[in-house]
Structure formats: C-alpha cells, structure tokens
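Student: Line order of the protein sequences matches chains A and B. Our numbering applies: residue 1 is where the first sequence begins, and numbers increase by one. Our numbering applies: residue 1 is where the second sequence begins, and numbers increase by one.
FYI, nobody ran anything at the bench for these hints, they're computed from the structure. These figures come from a predicted structure and were not determined experimentally. Each hint should be verified, as a subset may be incorrect.
To be verified - Selected chain A positions facing chain B (Cβ under 7 Å, derived; list incomplete):
(1) Ala97
(2) Leu185
(3) Pro189
(4) Ser245
(5) Gly248
(6) Thr274
(7) Gly275
(8) Ala330
(9) Ala331
Yeah, the Cβ is synthetic: ideal placement off N, Cα and C, and Gly gets one too.
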Amino acid sequence: MTAVAERETAVATSTGATSGHRTAALARFHGSRPGMVGLVLLIIFTLMAVAYPILTRTVWDPNLYDPEFGLDLVIVNKVVVAEVVDAQREVALAFAARRDPSIRLGDTVPGRVGAGFGTTHLLGTDPTGRDILAMLLAGAGPALMIAVSAALTTAVVALSFAALGAYFRGPVDAILSNTSNALLLLPAPLVMIVLGTSRYRNAFTPVTFGVLYGLLVGGGAVAIVMRSEAFATMSKGYIDTARASGAGSGRIIGRHLVPQLLPLASVSILVGITGAIVADAFIAFTGFGPNRFSWGTMLSWAIAFPDLNGPVDTPWNVLVAGGLAISLLAASFYLVAIGIHAAFDMPKR
Amino acid sequence: MTKYLVGRLAAGLITLVVFATILFFMTDLLMPGDFVTRFTNDLTDAQMAELRNYLGIDRPLLVRYVEYMKGLATGDLGLSFWGVSVSSLLWALLPWTLLILVVAMGVAFPAGYWMGKRAAWKSGATGSAGLTMGSIALHTTFPPLLVFVLAIGTAKLTSGEGMNSLHRLFLSGDLASQTVWRMLGTIAVVAIAVSAMGLLLSRRKKSAPTRLWIPALVIGPVLAWAAMGMAGAAFDVLLYLALPITAVALLAVGEVVLVTKATTAAAAQEDFVIGARAKGVQEADIRDHHAARYALLPTLSKLAVSVPFVLAGLMIVEVSFGWPEAGTLGLTVPGLSSMLFTSLEQRDVPVVVGGLFAIGLIVLTLRLLLDVAHATLDPRIRFGRDAA
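Kindly produce the complete structure, drawing on both the sequences and the hints.
Tutor: Take a look at the structure:
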C-alpha cells in the first residue's frame, strides 16, 4: 500500500495537490474582489446567527425582541378620515366603524402603531411592533443551515453520480445519467415549494429541507455538469498512470478523480444554492409553510398583517431588510463561487 | 445532423418515461389521494369507500401506474377529481405561462448576451464590475419582492382602471386562451422562418445579417397578428402580461449576462483570438464574430441546465402577482402555477401530476430546442461528425 502511495506522489504533484499550489490558490482567492466580498458577507451572516441566541439570553427582553411574539406598540391618537394617506396619524372610517358604528369622519380615536426607529429598535419595527433587527438575526441561522446542508448533500450526491458514472461507465452510467436527465425536468425549487406547502410541511426542518433540495439538484443539474468534467478527467494520463501503479477503483476515485472535480463542483454547488434559499423564503412567504420562523415569514407578516388599525403604507423597512437579507445570502454564495473559480484558475467551463 | 437530432429525440423520450415514473411514484408517496377525506366530512365510511372506488384511487399502485402510463401514451392526462379533464385545464392555462416564458426569454437572452460579451471584453473596468454586481443582484433577487416593487410602482403610475378592463379579458375564458395559443403559434412560425432564412444564407456563404434577426422576430409576429385581425386582442394580452413578463425577464437576464461573460472571457484567451488580433481584425469584430460566437455554444449548454430554475422563478412570479397584498392591481395571472397551487391545496393529485408533467415537458422541449440550436451552430455536428 505504501509503495502505491509513494509512486503516486509523483502523480499527485502534477495534479496540483501540493501545498505550494494551495497557497497560490489561496492568494488568488484573496486577490479576487468578488470572492472576498462574498466571504465577508458569509462571515457577517454567521456572526448574525451566532449573535442571536447570545443577545436573547443576555440583553434582549423577550417581550420586546422575540421575533414572533415581541411587541412594541405605541398608543397614538388617530384622526378618522375617508381615505388613509398617513397611516401613522389617520385611520379609515370603514375600519374604525367596525368597532364603533357611531364614529364619524374627523373624530379622534386611540390607535396603536409600531414603534419607529431609535436606539431601542435600530432598524425600527414592523407594523405590528416586532423588532426588525431581532427578526433579521433570528432568520440568519435557519437560512444558513439550509444553505450548508443543501451544499453538502449536493456535493456528495453530484460527486458520487459523476465519479461512479465516469469510472464504471456502461450500465451504471446509463442509469445515473438518465436519472439526472429526468431529475433536471423537475425544477428543484418548485418541487420544494410543492412539498413545503403540502401537509408534510412541518417535517421540513431547515436541515431536512436542505438535504432534500441537495438530493434533487445534486442528482440533477449539478450531476450533469460534473459528469462531463468527470469523463474529461478520466481520459487524462495520470489516471492511467495510477491504474498502472496498482491503485484500485476506490483509490482512483477517491484520490485522483474526486479531488480533480472539487473546484468545479464547489462552483456549481454554490451557484445552485440560490434556489434553496429563495424556495424556502418563498414557502414561508406564502404563509402555508412549516411552523418556524424565517426571513420569508418576516416578509409575509409585514404584508399580510398590516396595522392593527387597518391598512398601512407599504412597510418598506421590513421589505427592504428581509429582501436584502435573502438576496445577499444567496449572492454571497455566488460571490464565493466566483472567488473559487479565480483561485483554481479555471479558464474554461 | 438528422442522425444527431433523432438520437437526441429518442434520448428525450426515454428521459420523459423515467420522469413520468418518478413523478407518479413521488406524488403518490408524498401526497396520498386523500381528496375524499379532504372534502367529504359528512359521508359514512361505506360512502367514502364507494367514492374512492368511483374515483379509482382504491386500486393497487401498480395497476394505477400502468393505467397512467397508458393514458400518457395517448395524450390523456386523466380527470381532475372535480371531473374536468386535466388536458383541457392545461389547454386553457398553459399558453399564458408559455407566452410569458417565450417573450421574457426572447427579451432577456439577446439583451443579456449583448451586455455579457461587452462586459467580458472590458473586464476590470468599472462599468463591467458594476454590470456583474447588478447581474448577481438580479439573479439572487427574491422574486415576490420584485413583483411587489413592480406592482406598486406601476399602480402609482397608472390609475388601475386600464387593468380592470383587461381583467375582463380572460374572464371570457376559452376565447382568450385561444388568442394566446394563436399568438404562440405565430411567434413559433416566424422564429422558424427567420432561422431557416439565416441558415440558408449561411449555407450560401453569405454573411447572415445578424442585425436584422431581432427586428424580424419582433415585426414578423406583429404583422401576422394584424393580418389575422387579432392585433388588438394580442396587444391586450401583452399589456396584461407586461408586468409578469418584465419580472421574469429581469430575473433571467442576470444569469444570461453572467454566463455569457464567463464563457466569452474564457474564449478571449484562445489562440484564435490572438491570431485574429495579429491579423489586424478590428477589436469589436474579434469580440462579436470570434470570441462571442465561439462562446455561444457553451453559453447555450450552460443555460440549458438552468432552464428549470427560470421556470421555477416564473411560477413564483405568477403566484406572487395573484396575491391580493402584492398586487394593488389585483393582477391575476392565469397559468400553470395557479392551477398547480390550487390543486395542491385541494390534494387534486391528477392535476398536480399533470401540471408537473407539463412543466417537465416544457423543460424537455426547451432542451431539445437548445440541442437543435447547438447542432445548427456547431459545424462538427452540422457536418455529421460527433462533437465531444
């Protein structure tokens, strides 16, 4: 066994698996501005996810800062008008009359509005008084868990599909590539939406959601991209060299084929994660999703339950914060993928 | 080339059979046919059993599978539990989704390709970096939010009355769907005619006037609609779908830019580009006719993989427009997703399966079309040699 390993060291040098190559790759990643931006974003999101439980246990009063039940409402006097222009000061007659039919236009009624921006609520509250910063932090953990579990599953499934297909060819490849082609016909985000709003929705924790998404995308789209790369790698000379020096199938796949596929795999996996993040947010946004908090829930509440006193102006502070969080998380994976692309200097597809 | 295309078609059919099988068993596994228990609470057990028997959902799984595949072979997607045939539902709703997809991609692809190759040529410039960042932003936008912004933006611009009159358009149901089918047919005919002309010109070694393609593709259908006396109706349909089309085009254009930019930048490092430059070919010509033309093939094959994701985005956009909260316009987009989500909520399994099957069919058709484009553009396939 050691003899095989020694003989393969020379081979490995040519495949770029040495520490010198690694430092160079790291330097190239460092030099790629999109990659670094993505990395910084990811670190920020991780810090947000870590900060949330710490803050709720130490500084944050759950009555004010719980992302679901926290409430900070201010009682104000509102004028009854026919059509609401300023929701902070006015209430619609149709709405007020539902509580008290004797109310007329121009009357003043007590109403409640969410507390605004300030030191207590750095990003303000949503129309029903939930702290936006707390909701942002609370959503970061589940979203990251979905992304990471989706990425890992995609990697395992896609790499095994591609490597096994390219190594064994014949019927194995026929079965695997036909499955991939069929899975590609099913848009994975759409399937996840169908399942996530079905009666099994509560079975979907962030991790199971990510794993299932990874199975669909890893077996479908990513496996197809990886398969052609795996076939190209199998025709390289060093695979024959390794085989001639006595390496078995497991060793060739594990030591020579898969490491060669990893850079490209990581790129297409990170790009594919966008779908998982958007699908999960969308499920929560529909309001038919599983019973857990996420950024999608935050947007859904902001739009579906306006003010306690009737319709309000568009709650832009919630929409911008939640929407940006979803987009930036998805974008950070994309940006890191660009960085990895630069690090391994992949000129061709 | 014919051999290649026949091979692709056969492979596509096999994929379709595998797909239908996966779909059938997956739906049955995850969403058992409990339509009966969902809607008939006041029936006795015996009555429920009778209803299940009538609907045919009490038979063994394999029997239903064989029956289902037999039906598919004859184009019969079965009956909805409400008694409507799934095919007729699809006939009424599919064209709307297809029209949004065709027009949005018809706008997004040329625009994205145009911007992408320019960005690749000036990589490092501020404009190029900005375009890349903008594309990533569009690509990762949360679709409902985009819909929300579009809907509110236009609601402030228009009074919303025009939309109300348009709303009546598809209340007339079947008639409007037929209009949309006709529109799609005309677009397909014009597209085939234009590409056939282009192919003929290139066979005769004449430079195909690329610049004329896009105007021909726009003016052709419009003229045809006018000739068929349905220009007004077609305009109404397009106006009604303007917002969903814009949303889908915006979501898709980012990815086209990113993919084109990556492939063109890779092609720019090829020897023939250096050769062309040494020959003294103008830089814009190198970009358009050497690098970007060469990059078109990998661009197409990369986009083929992301077709399902575009379709998923389209579904999300369609549903989001239907939200009473999102659409201050109350814009209901008829289409596959409204069918899919309603039937999902009602556990109407045949319709869910039919809808997903239709989506799979669209993806497969698009992939085959991309294969045809690939074969036409790749001389190795065009002249019969197998491309690696």
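Student: Hint by hint, note whether the structure agrees.
Tutor: Here is what the structure says about each hint:
Residue-level restraint check for Ala97(A) is violated (minimum Cβ-Cβ distance to chain B is 22 Å; threshold 7 Å). Interface restraint check: Leu185(A) against chain B, minimum CB-CB distance 4 Å, threshold 7 Å, status holds. For Pro189(A), the suggested interface contact is upheld, since its CB lies about 4 Å from the closest CB of chain B, less than 7 Å. Restraint check, Ser245(A) versus chain B: the minimum CB separation of about 28 Å is more than 7 Å; hint violated.
Because the closest C-beta pair between Gly248(A) and chain B is about 28 Å apart, greater than 7 Å, the hint is violated. Annotation: Thr274(A) was flagged as interfacial toward chain B, and the flag holds, the nearest CB pair being 6 Å apart, inside 7 Å. Given the 7 Å rule on beta carbons, the hint for Gly275(A) holds: about 6 Å separates it from the nearest Cβ of chain B. Because the beta carbon of Ala330(A) sits about 4 Å from the nearest beta carbon in chain B, less than 7 Å, this interface hint is met.
With a least beta-carbon distance of about 4 Å to chain B, the hint placing Ala331(A) at the interface is held under the 7 Å criterion.
Hint check: violations occur at hints 1, 4, 5; the rest are consistent with the structure.
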